[in-house]
Amino acid sequence: MLEDIVTVDLPVDEQVAIKRQRIENGNRDKRIAIVTGIQGDELDGQYICYKLIKKLKENIKDVNGIVDVYPAINPLGIDSITRGIPMFDLDMNRVFPGYSDGAMAEYVAASIVKDISGSDICIDLHSSNEFIKEFPQVRIAENNKSLIPYAKLLNTDFIWIYESATVLKATLAYSLNQIGVPTLALEMGIGNRINREYCDQILSGIFNLMNEMGIWNCETRIPKEPMLSTEGEVEVIHSKHSGIFIHGEAKMGLVRKGDHIGDIVNPAMGEILESVYAPFDGTMFSLREHPVVYQGAVIARIMGDKK
Amino acid sequence: MIKEELFNLKAVYRDDFKINGYKFGKGEKSCCIVGASRGNEHQQLFICSQLIKELKELEERGQINSNQEIMVIPSVNHYSMNVGKRFWAVDDTDINRKFPGDFHGETTDIIASSIFEKMKGYSYGIQFTSFYMPGDFIPHVRMMETGKQSTSLANLFGLPYVVVRKPKPLDTGTLNYNWQLNNTNAFSIYTNSTDQVDEKSAKQAVASVLRFLTRMGIIKYNSHSGYIATVIAEDELMPVKTRVSGFYRRHKEPGDFVARGDVIADIIDPYEGEVITQILAPTEGIIFFAHTAPMVMENAVIYKIIRRLHE
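Residue numbers (the numbering used here), protein chains in the order written: chain L, 261 to 567; chain B, 200 to 510.
Bound conformation, chain L alone (with noise of 0.2 Å):
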């Protein structure tokens, strides 16, 4: 059933509605909660939720609990297709817990939370940004490592366990953890696109997740082995200049040291500015794809054994 957790009414003639599509059966003492769309130009999680939503209604009969997804947590920027939230320029992902008695994005984060809280496990899904596609990743703060088991269930390449920057307690993922509803945020893909091989991937973790929480009863693909962050070294390449960022032959994926990943030009004076090689053989699982470069901006992360 779609369900409206909050509403607001804008200035003229216009509600804004965060909405739960909660599909249930059976035993109702396991619950699911799936929520994307906290970033407007974040997209993949919308074919995750088509599909997902499809396939439960279509085999209701093997469901088995509560599957709660929340499709658009940031409806006005998808439908703006704007990044935060359009009327403050404020990033939706850094306004956790949120707050009752707070201004707009503080109300409705609190009710989000208030909504998804009691639930057994929630599943946050990302695409990154429009300048760096990623591979099918979890997330994980270090102090959070207790979530691995059920990260290793989502089909994804790559679990990254990062040191956790106290800027990042403003998200979804970390005030739910804090309350005890087990989070797991999932990366995969670039902003403003949908990659339909990575969604298709991670929706089989999800349906093997439910399955191994007993609330989905169909039998689901073994996930693949994911690369954990710890049993190697995350390089980030960042680019030295400022200029137009051109690929090379290295691909996403296995790289061997030297493997040309770009160039950085100089397109008014027909010069290369920097070349941008593999420092060690490994797994790219980032690659730069908005070509406008500052120096500063990420080129490619590379895991691997820096030795």
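It cannot be assumed that every hint is accurate.
Claimed, not checked - Cut-off 25 Å, straight-line C-alpha distance, at most; resulting in silico cross-link-like pairs (PhoX-like, lysine-lysine): (1) L:Lys-500 with B:Lys-317; (2) B:Lys-319 with B:Lys-365; (3) L:Lys-500 with B:Lys-209; (4) B:Lys-347 with L:Lys-374; (5) L:Lys-429 with B:Lys-347; (6) B:Lys-217 with L:Lys-500; (7) B:Lys-367 with L:Lys-429; (8) L:Lys-374 with B:Lys-367; (9) L:Lys-279 with B:Lys-440; (10) B:Lys-365 with L:Lys-429.
Keep in mind that the hints were calculated from the coordinates and are not lab data.
Please arrange chain B on chain L, whose structure you already have, making use of the hints.
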């Protein structure tokens, strides 16, 4: 006065992005003053321009005390201002959420770390900044509660209010917060404008900084003593929200006293022109913040009131 280029970033086609500092006096790093860090902070840039003009004259008249150096950085984000954006024009990141920065990070991390290196080590740090909601404030000094804040020093600006804010996770990337962690006494000054230049309020801000610098023995300047500030915790401000959306007709200005039950705003139907609701003051007190946009959405905070305070 020495104009010094503090940071330079090349672009593909645009002119270099240059951050300049204006230094007055010589010797100990006494005070660093920072203006616009967002592209819409026109008032903040204007205040710094007026401050530079004043300090230049004071220096020429020998009124900067010996062994005292003041640096003013009028803008750290005019690349966005020049193209009509609030945040970094390329990726919409907020430079005032990137401190202390990272030399090996992304572009705005590099900008923040490069300029923070130049801003560090001063005894006092003053930033002119703005709020994310469109509105007017009573001019005030704001500081983060880091355990290192000094409200008695903030009082020396002679502005009517000092507000202490408990930092939220998002605040840990602000210049104010990071200055304090690096042993600079940090103050954020809010005037009653951001996108538009309000010369009267800018003059008050310039006077408050000159007053502070005089009281700290950095300059010689005769000025009015200003106010003895009322110190308030941000949590004590009472938000007044509208439960309906529409046109917003404001009846009270920042600084006005309101009694409980006073009509402080009307909300008007955007199609039919009728007053749909009147917003009443839920408490007596002084209006601290008032929303400015012509329209409001449901649940918007339209006022913040300092409770039970009288004129």
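>> So, against the hints stated earlier in the document, which numbers end up violated here?
In response: 4
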